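Participant: Keeping the supplied structure of chain F fixed, place chains P, E, L and V upon it in accordance with the hints.
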Amino acid sequence: MTARARLAVFLAAAAVIAAFFTAECTDLPPFGTDSHPYGERAVAAALDRRTANVVSSVNFDIRAFDTLGEEPILFGTVLGATLLLRQARDERHRRAEAERVMPTTRLFGALLLPVTLVVGVYIVAHGQLSPGGGFQGGVVLATALHLAYVAADYRALKKLRPLAVLDVADSLAAASYSLIGLAGLIAGGAFLKNVLPLGTFNTITSGGTVPVLNAAVGVEVACGLIALLAHFLDQTIERTDPDQQRYGDT
Amino acid sequence: MGTWVFLAAGWVLLIALYGLVTSRNLIHAIGCLAVAQSSTYLLLLAVGYRREATAPVYSDLTPGTRPVVDPVVQALALTDVVVGATVTALLLALTIQLRKRHHTVDPQALIGLKG
Amino acid sequence: MNQWLIGAAVAFVVLAATTAVLTREPARQAVVLSVLGLGLAVLFAVLQAPDVALSQLAVGTALTPLLILLTVRKVTRRPTRPDDHPATGDDGQDQK
Amino acid sequence: MKAWTAAALVLLAVPAPACLWVAARGTAVRRLIGASMLSTVAGAVFLLLPMAYDRSSYQDLALMLAVLAPAGTLVFARFVTGHRHDAHPHDSTPET
Amino acid sequence: MTEAALLPLAVAVPLLGAALLAVAGRILPRTGCDILATGCAGAEVVCLVLLWTHNSGRLATADLGGWPARLGIVLAADPIGAGLALLVAVLVPVVVYSWRFFEEPTGEHAGAFPALILLFEAGMAGFALTGDLFNAFVFFELMGAAAYALTGYRIEDPRPLHGAITFGIVTSFAAYCSLLGIGLLYARTGELNLARLGQQLASHHTDLLTAGAFVLIATALLVKAAAVPFHFWLPDAHAVAPTPVCMLMSGAMVELGVYGIARIYWTVFSGPGGIPHQAFHTTFTALGLLTALLGALMCWQQRHLKRLLAFSTISHVGLFLIAVALLTPDGATGTAVYVAAHGLVKAALFALTGVLLDRYGSVDEHGLHGKARDLRTVGVLFVVGALALAGMPPFGTGLGKALSEDAAGRWQPWLPAVFVGASAVTGAAVLRAGLRIFWGAGPALRSRPDEDETTGEGEEPEIRSPQRTPPRAMTIVPAVLLGLAVLVGSLPAIAAALARGAAVFTDPAGYTAAVLTHPSTPPGPMPAGDWTATGVLLGLLSTSIAAALATAAVRKPSPTLPAHHPAARLVRALRRSHSGHLGDYLAWLALGVAALCIAIAAQT
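Residue numbers (the numbering used here), protein chains in the order written: chain F, 140 to 389; chain P, 326 to 440; chain E, -5 to 90; chain L, 34 to 129; chain V, 11 to 614.
Simulated from the structure, these hints should not be mistaken for laboratory data. Heads up, some of the hints might be wrong.
[Said to hold, decoys possible] Cβ pair distances, simulated, as ranges:
hint, chain 1, residue 1, chain 2, residue 2, range
1, V, M536, E, R18, 19 to 29 Å
2, F, F340, L, A39, 50 to 60 Å
3, P, T390, E, M(-5), 18 to 28 Å
4, P, R376, F, R245, 46 to 56 Å
5, F, V257, P, T387, 27 to 37 Å
6, L, K35, F, T243, 35 to 45 Å
7, P, T387, V, R80, 20 to 30 Å
8, F, T339, E, E19, 17 to 27 Å
9, V, R420, E, L16, 53 to 63 Å
10, P, R376, V, A612, 31 to 41 Å
11, V, T63, E, E19, 58 to 68 Å
12, E, L16, V, R80, 42 to 52 Å
13, F, A326, E, E19, 50 to 60 Å
[As the list claims (entries may be wrong)] Think about it this way: if two alpha-carbon atoms lie no more than 25 Å apart in a straight line, the pair counts; the simulated SDA-like pairs of lysine to any residue are:
hint, chain 1, residue 1, chain 2, residue 2
14, P, K439, V, H574
15, F, K298, F, F340
16, P, K439, F, A235
17, V, K566, V, L547
18, L, K35, P, T379
19, L, K35, L, P103
20, F, K297, V, R36
21, L, K35, L, V47
22, P, K439, F, R143
23, F, K297, V, V33
24, P, K439, V, R36
25, P, K439, V, G371
26, F, K297, F, T244
27, P, K439, V, R383
28, V, K566, V, H287
29, F, K298, V, A578
30, L, K35, E, N(-4)
31, L, K35, E, T70
32, L, K35, P, A378
33, F, K298, L, T106
34, L, K35, P, K439
35, F, K297, F, A235
36, P, K439, V, A578
Every value quoted in this text rests on a predicted model; they were computed, and no experiment measured them. A virtual CB, placed ideally from N, CA and C, is assigned to each residue, including glycine.
Only chain F is shown next, with the shape it has when bound in the complex:
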């Protein structure tokens, strides 16, 4: 198709879809409706399991199987990036250089890094109580480590980042989610059953398996994202393109 024909096809189709979507929206219950049957059942069930953050309870207890399917997506992405961004036969590795950074930036990074780490751990650990959880905290933890790169240089990041250990930790955390599910099957007769003692409401140990799964996800997300970003950074900073090498070596 020519660009014009493509646009015409799209606009015609989009007009029809837009008309239908608008008509559909008028059939929807009004915005802000009071009727949320599933939501109300979930709130009651979560309080029954003494989990203060109902969203965490839905993610890690009531509909924990969704998260069981979601974590492998992240895990698979890390594996996929490992495969896709591997070193091709005609590529070379070169070492990153030391970079000059303004001392204030360096100081800023050095101060911010531990603060960010603490915030990350806090967000993972309080996932079943206040907003947050394994995923959000995991991203913060991964970001914290990369402050070493943005505020210093790639060499500093590499010193902080034991990639092999992180890869293994990522895999083990991914496996542990299924294993906790199996533990529920063996101890409670249903896969992913919340078999641990529920504790007292609104304390850090309440919710049974919810904080455990939360922590597993936190570890997986943090390790997985660091590994994922490592492959991207490696491509950008330390890998020469096949054609660059052809010209660059002469």
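Facilitator: Frame of chain F, contents of chains P, E, L and V only:
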């Protein structure tokens, strides 16, 4: 207010599709895909909203004192955010390699597969 | 009152999304995408979904733009020939 | 409580679109300034919301933004405007 | 073991295997990884075989986390869903086994490829077994993420990367459309469990919202199933993915799309307040017809062997859609048998093409003319596979085709002609290629690529050390697969089990009862699953048409139509529309969604 929030989700999806259809750069297309995905968050959370209600988080709230919004759609949106971020990463990795071999990221210049 | 807040946030998100799509240069789009990410986070907060807002904040402000920018950096680098090499310690020169 | 909401609404209605405007146009540095300004505005909104909704747990949003926004800004500073280790002329963002 | 354990294990085993492989790949040598991967895949087969035999003709359910269906996620397996998961599980060990001969990129990540295959398998198994709409979306995405990475696996060749990106963007966009649909449906009903969704829809009347939600949800499934005009990504991805991955994608993943549509229609939308049977019936028959014809036509035009096989998959998906759209237990039985046998045959054909690719570095029908004369066994197997594809008895493809034709003929007497025609043309195209390549039949064709076509030359061999004789195992694998396809057609027990499954599958009331209250439902009247005289005759007819077409094409290869003839122009226009351009594909997708909206809304 009414249905405008829902319609906004439709608009975001269609404008992202417009960007995808007319894109001349794969990275831009992947960015548009991320925009398309934000329409799903928008719709899901709009569906779960309840007037004059608050978040279903009881760390600083006594259960039963205030109405809460639907926690299920929030869990769905949360899953969706993770899925979106990972798919973006995977597609970007493919783009990096494609650029190395094809020397272009313009969809119009990719002519290896046809017929 | 909260209705107005939601309305303003939705309007902002729609504007930012449209701008993000119409910004065709990837590095600039990354900036607008991070703006969209922030807008979405605010919207989720006023829709009473702080959990999702936190996720969006984490993904939208730091992760996705960083990934896109790294890709842009990698992709826009042209094949370097010895003659157009500035002497600032660049790609091809430090190959052993 | 009303006042807090009104303040957040004002922040969302006036400075936020202005930041989007700045972030969507102009030179790389201006875009970056736009994005950083917006994260400041969003941070202010996130500090107002716990008051407006009488929910102290919403403060986590501001905390998260406080630690992530500088990281985001540094990322952009490094890739969009900085040419510290990428001195190709075509990598710099042209003025439009 | 009980079903409460077997169902979640079917998903958890490959997930655990993948994690284990990713760790073990760092320490174990290549052989160790291969053994481990084969072991995990084998454990999954055992698990699903147990499940399949355990729930003879019944719906097995497992409440995850001990939550009932009104709160949690329920897994539900009838013989059709479990059978599809089993088909995947049977193909995976084959894939892992043939992977042994393939080149490994780097020592450090030896486990990554088989680990991704296992994740792919987990996604497909979860999608086939889940009884929850959003959970199906999650597993759909898992399946997708693994498939994108696997498609782009050969990073030194530009075409796989192009195919993988197109595949990824189109499928992800369609998945987001589906999620919007799920959101709309949730707004209407406040449920996510399939059975409860169906119940809640009954209290509303059918309106545009129902129709729109159905179309949006169907979008991702139609893209996965590669129905026209959502199919464009498929030939691009299947032509370039590594051969073992093609076996899985063409053999099972595409069919999962059809399964998903049928499952969601039957459980959610088939009752009152859903989509009327008549609307689904006509719309999807038309869609299937279009897909079958376009697939067959494009298949005949190809010279790139993997593209040829990909278009034959599209054509067969069209036939599956027609049979599913009949909305009868007989149609479902026919489709189930057809899908199982087609998956095995198609995997065998891809494996044989892989042998050619490795030996000659080409999969071009014209370029390989007469080159593979000494690969007699491979040639014979290839021809047998082509005949099986055309529906020759006693292959399962023949039985499935016969059953579907029988069911379709009862509604419209001309529909069996479509089945015969599409399977004959696709079989003939494969046969033509086989005769040319392995016997050098007909005059040699000068290789002058048309501007609108993809040749199969210049592909990178995938095998570790290209050698003169291919390893024996690379011919054993397709032989075993073809043998299994014969078994599907000739063992009455398999067809009977699938027929029982079809009776359960097309009984939404029984599904709802089993998921919500767990009674042991007595299976309804069982549809027939045997050969009939008409079925055998029609199978022989399509086989002989295929043989005649192939012989004629080989004898007289030059096109007989002048270039300005309308038919020639139509073919040219169709070929041009498969442009490999992402924007085109998405524009077609939008057009497809719009057309579906109009079609469904007009009939509700």
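Participant: With reference to the structure, classify each hint as holding or not holding.
Facilitator: Hint-by-hint comparison with the structure:
Between V/M536 and E/R18 the beta carbons are some 59 Å apart, a value that contradicts the proposed interval 19 to 29 Å. In this structure, F/F340 and L/A39 break the distance hint of 50 to 60 Å, their C-beta atoms being roughly 35 Å apart. The beta-carbon spacing between P/T390 and E/M(-5), approximately 20 Å, falls within the hinted interval of 18 to 28 Å. With their beta carbons about 50 Å apart, P/R376 and F/R245 fall inside the hinted range of 46 to 56 Å.
Take F/V257 and P/T387: their Cβ atoms lie about 29 Å apart, and the range 27 to 37 Å holds. Separation of L/K35 from F/T243 is about 42 Å and conforms to the stated range, judged on CB atoms against 35 to 45 Å. At roughly 26 Å, the beta carbons of P/T387 and V/R80 sit within the given window of 20 to 30 Å. Judged by the Cβ atoms, the range 17 to 27 Å given for F/T339 and E/E19 is violated: they are separated by roughly 55 Å.
Between V/R420 and E/L16 the Cβ separation comes to about 54 Å, which falls inside the hinted range of 53 to 63 Å. Restraint check, P/R376 to V/A612: a C-beta distance of roughly 36 Å satisfies the suggested window 31 to 41 Å. For the hinted restraint 58 to 68 Å between V/T63 and E/E19, the CB-CB distance of approximately 59 Å keeps it satisfied. Roughly 45 Å separates the CB atoms of E/L16 and V/R80, a value that falls within the hinted 42 to 52 Å.
Judged by the Cβ atoms, the range 50 to 60 Å given for F/A326 and E/E19 holds: they are separated by roughly 56 Å. Of the pairs offered as hints, the one joining P/K439 and V/H574 holds, with about 21 Å between alpha carbons and a cut-off of 25 Å not exceeded. Under the criterion of a C-alpha separation no larger than 25 Å, the hint pairing F/K298 with F/F340 is inconsistent with the structure, at around 42 Å. With a C-alpha separation of about 40 Å, the suggested pairing of P/K439 with F/A235 is violated against the 25 Å cut-off.
Taking the CA atoms of V/K566 and V/L547, the gap is about 28 Å. The hint is violated against a cut of 25 Å. Proposed proximity of L/K35 and P/T379 is supported: the alpha carbons are some 16 Å apart, at most 25 Å. Between L/K35 and L/P103 the alpha-carbon distance is near 31 Å, which puts this suggested pair outside the 25 Å criterion. For the hint linking F/K297 to V/R36, the alpha-carbon distance of about 20 Å falls within 25 Å, and the restraint holds.
Straight-line distance between C-alpha atoms of L/K35 and L/V47 comes to about 18 Å, which keeps the hinted pair within the 25 Å bound. Using a Cα cut-off of 25 Å, the hinted pair P/K439 and F/R143 holds, with the two alpha carbons roughly 20 Å apart. Straight-line distance between C-alpha atoms of F/K297 and V/V33 comes to about 21 Å, which keeps the hinted pair within the 25 Å bound. For a cut-off of 25 Å, the pair hint linking P/K439 to V/R36 is broken: about 39 Å separates their Cα positions.
Taking the CA atoms of P/K439 and V/G371, the gap is near 20 Å; set against the 25 Å cutoff, the hint holds. At roughly 19 Å between alpha-carbon atoms, F/K297 and F/T244 fall within 25 Å of each other, so this suggested pair holds. The hinted pair formed by P/K439 and V/R383 fails the criterion: a straight-line CA distance of about 29 Å is larger than 25 Å. Restraint check for V/K566 and V/H287: the C-alpha separation of about 47 Å exceeds 25 Å, so the hint is violated.
Note on F/K298 and V/A578: the hinted pairing is violated, with a Cα-Cα distance of about 64 Å set against a maximum of 25 Å. Our distance criterion of 25 Å between C-alpha atoms is met by L/K35 and E/N(-4), whose separation comes to about 9 Å. A threshold of 25 Å between alpha carbons decides the hint, and for L/K35 with E/T70 the separation of about 50 Å lies outside it, so the pair is violated. Among the hinted pairs, L/K35 with P/A378 is consistent with the structure: their alpha-carbon atoms are about 16 Å apart, no more than 25 Å.
Among the hinted pairs, F/K298 with L/T106 is consistent with the structure: their alpha-carbon atoms are about 23 Å apart, no more than 25 Å. For a cut-off of 25 Å, the pair hint linking L/K35 to P/K439 is broken: about 61 Å separates their Cα positions. Of the pairs offered as hints, the one joining F/K297 and F/A235 holds, with about 10 Å between alpha carbons and a cut-off of 25 Å not exceeded. Proposed proximity of P/K439 and V/A578 is supported: the alpha carbons are some 17 Å apart, at most 25 Å.
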